[in-house]
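Listed here are the chains, written in short residue letters.
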Amino acid sequence: MTTEEKYVAAAYLVVFLVILIYVVIMAAKLTRLGRDVSELTELAREKKRVGEQPAKAAPKQVKVG
Amino acid sequence: MTASIALIFFYAPVDADGLNQKIFYFHVPIALTSYACFGWGAVKAFQHLWKRRPGADLESYVAIHQGVIFGALTLVTGSIWARVRWGHWWTWGDEQLVLFLVLFLFYCAYFMLRYSVDPGPQRANLCAVYALFGVVLIPISFLAIRLANSYIHPTVFTSDGPQMATSQLATFCVAWAAILSLAYFLYRFELAGKRLDADLKELRELLA
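Going line by line, the protein sequences match chains A and B.
So for the first sequence, my numbering puts the first residue at 1; every next one is plus one.
So for the second sequence, my numbering puts the first residue at 66; every next one is plus one.
Read the hints as simulated data drawn from the structure, not as lab findings.
Keep in mind that this is a model prediction, so the values were computed, not measured.
For every residue, glycine included, the Cβ atom is placed at its ideal position computed from N, Cα and C.
Any given hint could be a false lead.
[Claimed, not checked] Covered stretches of chain A, going by a simulated chain B footprint (3 or more residues, C-beta under 8 Å):
1. 3–9
2. 17–27
3. 39–49
Chain B extracted, bound-state conformation (with noise of 0.2 Å):
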């Protein structure tokens, strides 16, 4: 993470677009993060309803946790962005960003719905399919930008190459490399302390 930061600050270059450029070494990274995050639940949740693997509930509910924070991470950078770049906060008429908005409340939902539901096995299997149905509209935002016609919303990498000079790809791929370690680290720990807090649970339970 300070290796990034450093070369972010000391190693790429400030183009044409300014200093403002900055946010997108670490705006870009956070928002492919937040889709391989959820992503990844989506894997745990197939697995779960296809080889009822036990924890895989958990695992997943913990991924998509991860993916919405990163979610929300990616929604407020890029609002900066955009306001210091565009000068607005938010824009209706951009389909990536009310692509990812959809995908970010449809995550939000998903913790509505768990809770809302006792825990066992039912509950398991709903979050599960709600997982699986939400990564669809991971592609969808994700291609939205390439194929429709953004006018706001820059497109870096294309199918002719990344956009940009070699020291800011270098950049942008230790970046991302860092963002993606964060949210590895973060998910093994948030993942420890519930599998920790269930294990006490049934402890208590025995020991009463």
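Chain A on its own, in the form it takes in the complex (with noise of 0.2 Å):
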């Protein structure tokens, strides 16, 4: 391999490597994103049970006198 060749090459890859190295940080990104909505989908049902638990029967009043 010539020095020009090798120049052309390392041209070449540095595009390549920026490139993937910025597809890499956005697809773990995302990863994390996906792991954020996972959360707050858990979080989300959670509250939905809570509201939807029937209400505690209230006490039975009883007469006095």
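Given two chains presented individually in distinct reference frames, assemble the corresponding complex, making use of the accompanying hints.
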């Protein structure tokens, strides 16, 4: 491989690597966001469950006198 | 992208400059794409300031981020090309190189501004004004090579048309289309992530 060929290969490699690193960073971020979505969905489900639970029966009123 | 690489290495002829000319097919489209990203960022900044369009600030930020990435690639590929062709990594005597570096550093400072102000309308307005100022540098940087007597940077596109063979021009156009498509894809990709992030933050606050 001549010096000129090495420089041309280096130029293309740099472009490829920078784009690859960028895509990997973005993919990692999207993975994290996916986890956040799951976590928030679980939180929302939990809140819904708590909201749907039947209200506790009111204590019986006993007439006195 | 694959088609453009195939054209560059198997279709476009090796001219008198030698094999190093193959860098031109990526270096110039990347530089032009960088200008396009900065220009798009300024358009979105203008939309934010004028029409107060929701989301325009985020779109402007993402476009400028893409522009800085492509700008960094322009500087690196240009330096490699300069090294193999003229024996220098960099020369301060060339207006095109220095002006592109100024443009690049100007937009790098955009991020310093953005992250030094608390999120909100004030930050969005400041960033939009900054992005609009920066766009003035684009025509200066682009025309510098044509206005000044550059002794090192080659001028391929002159007022007499492109100074290259038809096969080289076709390869260049395909490479540019590939790089622009890549930039658009990355822009949409990053924008989708940022929007999702903002929505999730809001949702988290609502659920807390």
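Non-conforming hints, listed in increasing numerical order:
none
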